[in-house]
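**Q** Add chain D to chain H, keeping to what the hints say.
Take a look at the letters that make up each chain.
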Amino acid sequence: MKKSKYLLSSFVLASLMLLSCGNKEEKASENSNADIPVSREMIAELTSPPNVPTPVGARKAKKLIVEMEILEKEGEMTDGVKYMYWTFGGTVPGSFIRTRVGDEVEFHLQNHPDNKLPHNIDLHAVTGTGGGAESSFVSPGHEKIFSFKTLNPGLYVYHCATAPVGMHIANGMYGLILVEPEGGLPHVDKEYYIMQGDFYTKGANGERGLQPFDMQKAVDENADYVVFNGKVGALTGDNALTAKVGETVRLFVGNGGPSLVSSFHVIGEIFDKVHIEGGEMINENVQTTLIPAGGAAMIEFRVDVPGTFILVDHSIFRAFNKGALGMLKVEGEPNKTIYSGEISEGIYLPEGPGIQNMPTTDEIVASEIPAKSFEEQMEFGKQAYMQTCFACHQAEGQGIPNAFPPLAKSDYLNADVDRAIGIVLNGLTGEITVNGNKYNSVMTRQMLSTDEVANVLTYVYNSWGNSKKVVTKAMVEKVKNN
Amino acid sequence: MINQVFRLFILFTVFHTSIYAQTKDMVFIEGSRYIPLYGRDSTVVEVKDFEMDIYPVSNSDYLSFVKNNPKWEKSQVIALFADKSYLANWDLDLKPNPSINPQSPVNYVSWFAAKAYCECQDKRLPTVDEWEYVAMADETTKDARVKPEYNAQILAWYETPRTNEKVIGITPKNVWGVYDLHGLVWEWTQDFNSVLITGESRKDVDKDNTLFCGSASLNATDLMNYAAFMRYAIRGSLKAKYSMKNLGFRCVKDVKD
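Quick note, the sequences are listed as chains H and D, same order.
Each number in the working numbering corresponds to the 1-based position in the first sequence with 40 added.
Each number in the working numbering corresponds to the 1-based position in the second sequence with 25 added.
So here's chain H without its partners, still in its complex pose (with noise of 0.2 angstroms):
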C-alpha cells in the first residue's frame, strides 16, 4: 500500500519535471534576444547618481562602448567624517550604465595607477561565467576589455568580485545597469538612480577622522551607517530630488549590499507601480518593497500633492541614526481633497501624571576631540548645527515663519547668552517673542556634549549678523550646574 502510494506520487513527480522542462525547452526558443542583430557603434553615456542618462527610446540595438575608470578616493561620509571609496567612475554607487535590449557591450574596464588593488567587475546583466569578472581583472595601471550582449531586460547591479569580495563591496564597489526593452520603458517626467549600501567603520557613527574598514563588524554585519548613494545626505537639503505636481517620477532603487535588505519606503507616498526585483513582473499600489543585496527595482509613481517626501530603509532605526534617507521636494499646487494639512489643533491630557519624557541616558559621550582654536570651533559647531538645528532653525538661520524662530539676526538670541545655552540644554516649550514675532512651539533638549554646545553655539553667535559672542564649555558648565 505504502509503496504504491509511493510510486504514484513519484510518477506524478517525473511527470510534472517533464511538463516544466517541455515549458522552459519553449521559452527558449522564443527568446531570440541573442539574435538580434546591432547597427553601428556608439559610445555609452554613463551618468553620476542621482542623475541617469537618456532613456533608448526607438533606437536600434548598437555596439556600445563603455569605459569605466576605477578610482579609490577619499570621501565624506558624513560631515567630518572620511572614508577611502573604492568606485566605479569615482562615485558611489557607481556610473549608471544604460542599454537596450539586444546591444553588444564592449566594455572597458581602467584601473587607474595610483590604486593600490587589483579589481574586476561582475555585471548582473551579463550571461556568462562570473558575469565579466574573469575577464576583467585587472592590476593597477591597465585596462581589461570584454563584451557582452544584453539578452534579458531589467534592471541589474554590477559590483566588484575580487577577494576579499566583501571588503570591495563594502567600500562603495557597486551600480546599476539598465537593460530596456525593445522600444524603451513607457515615458515619465523624472527618472532618478539611488543605491543604498550598509558601511562599517572603526569608530562608531559620527566619529571623526578618517574611518578604516572595520572588517570584524562587516563579518558581523554590524553596519554604523546605512546610506543612500554613498553617503549621509547624499540626497537631502540641496541635493534633494525634485519634481512637479502632476509629473510621473521613476526610481531606479539598487542595494549594494554587501549584507543588509532593504525595505525601501517612500514616507507619504505610494508606488503605483514596482517591477519587482527589478524584472518583468509589476506589482501596483506598494507601500514598502524589499530589495535584496544585490538587488534592484523600479519604482513609479505619480506625485499628487506638494510637500517633502521622504526615502527610507523602512527598517526605520537605519533611517533615522545611520543615514538611510534621502528627499523628494515636490513643487505644485496643493490639492486638499487628496491631503488636507492640519486642520485643528486642540488640548489632549491623557489620565497620569504630567508630560512624559523620552528615556535617556545621562551620560552624553563627550565629542572625541575638543575644538582648540576659534576656526576649529566654528568648524564643530557648523557640523553639530547641520546635524541638530539645520532641520527647524534652516541653513542661514532663517527660521520657519509661524513655525520655528529664526536664529539670524535674532534679538531674543543676542538679549541673553545664558537664557540661549539653557535652551539648548534643556529645550523650551512655550509662547516667545522673537524679533516681534510670536512663536509658541516645542524644542526638545538637544543630545549635544558640553564641548558641542559651545561650538555650536559660538557658530550661531558668529554667523548671521549675530553679536558675535563667543562661548566656552565653562560657560556651558556653569549653566548647566545652576
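It is worth saying that the hints were derived from the structure and are not from the lab.
Positions of the beta carbon are idealized from the N, C-alpha and C atoms, including for glycine.
Check before you lean on any hint, since a few could be wrong.
Here are some chain D residues the structure puts well away from chain H; computed CB gaps all over 12 angstroms [stated by the list, open to error]: (1) PRO95; (2) ASP116; (3) THR166.
Lysine-lysine pairs mimicking DSS-like chemistry, simulated, CA-CA at most 30 angstroms apart [as the list claims (entries may be wrong)]: (4) LYS140/D with LYS184/H; (5) LYS113/H with LYS172/D; (6) LYS264/D with LYS92/D.
**A** Same frame as chain H, but now just chain D:
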C-alpha cells in the same frame, strides 16, 4: 632629511657590528614549516634558511643598477620584458624625476627587471612562500597573524594613498630585522603567478573547479586574513612585464652550507 640619512647611517653601523658572516644589508632568516593562506602544493609549506634584504630596493639603488646595465634603461629595455609604464616616473634614462626621493622604494619596475637586478648581485627574488613567511612577523612575534592589530595595521596601509613616496627604513623593523614588507609598496616575488587566483574570488573557493587553479590553491586557510587575500589577489592580476606605481621588490639569497 639629513636627520633621516643620519639615522639610517647609525642603523647601518649598528648592523655591521652586530651581525656576523652575513651579506651587507641582509639578514639571516631561519627556515621553518608554516601554513600560508594559499599553499602551492600542500597546506603546510617548508621554507629553508635564507638571507633577505633588510630594505626594499630604493630608487638610488636602482639608478646605479641601470647605470651599469644600459639594457635596463627605459629607452633601451626590450618591450617583452617591460611594458610602457616601466620607470614611468623617470624623466630620462638616468634621470628620475626630481620629485622622487632617492630613498623611496623603486617602483614602476617589471618582474624581469627585478629578477635581473637581483641576479646582478648574485641574489634572487624571494618565493611567495619565503616572502609571506617573513611578512607574517610583527615587531615581536614571528607569526603575528593571529593578532588583530597586525591585520588592522596592514589594512590601514591599503587605505593610505601615496605610500610609495615614503622613505624606506623609517617604520619599525619586524622581529627578523626586516623593514617595510608592509606599508610602502607591494613586492615582486619569483613565483608570483604560481598560486593562480582567477580574479573571480568566488570561484577560487570552489573545490570542483580545477580549470584555473591547482587543487591546493582552492582553499584559503584563513578566511579572516584579508590583508593576505589582497596580496594574493594583486599577484594574481600581474604579468611579468607589468610595472606599477605601487609595486617594488627586494632580493634574497640562499645560505651556502
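**Q** Against each hint, give a clear statement of whether it holds in the structure.
**A** Verification of the hints:
| no. | hint | verdict |
| --- | --- | --- |
| 1 | PRO95 | holds, 25 angstroms |
| 2 | ASP116 | holds, 17 angstroms |
| 3 | THR166 | holds, 20 angstroms |
| 4 | LYS140/D with LYS184/H | holds, 26 angstroms |
| 5 | LYS113/H with LYS172/D | holds, 28 angstroms |
| 6 | LYS264/D with LYS92/D | holds, 26 angstroms |
The structure shown violates none of the earlier numbered hints.
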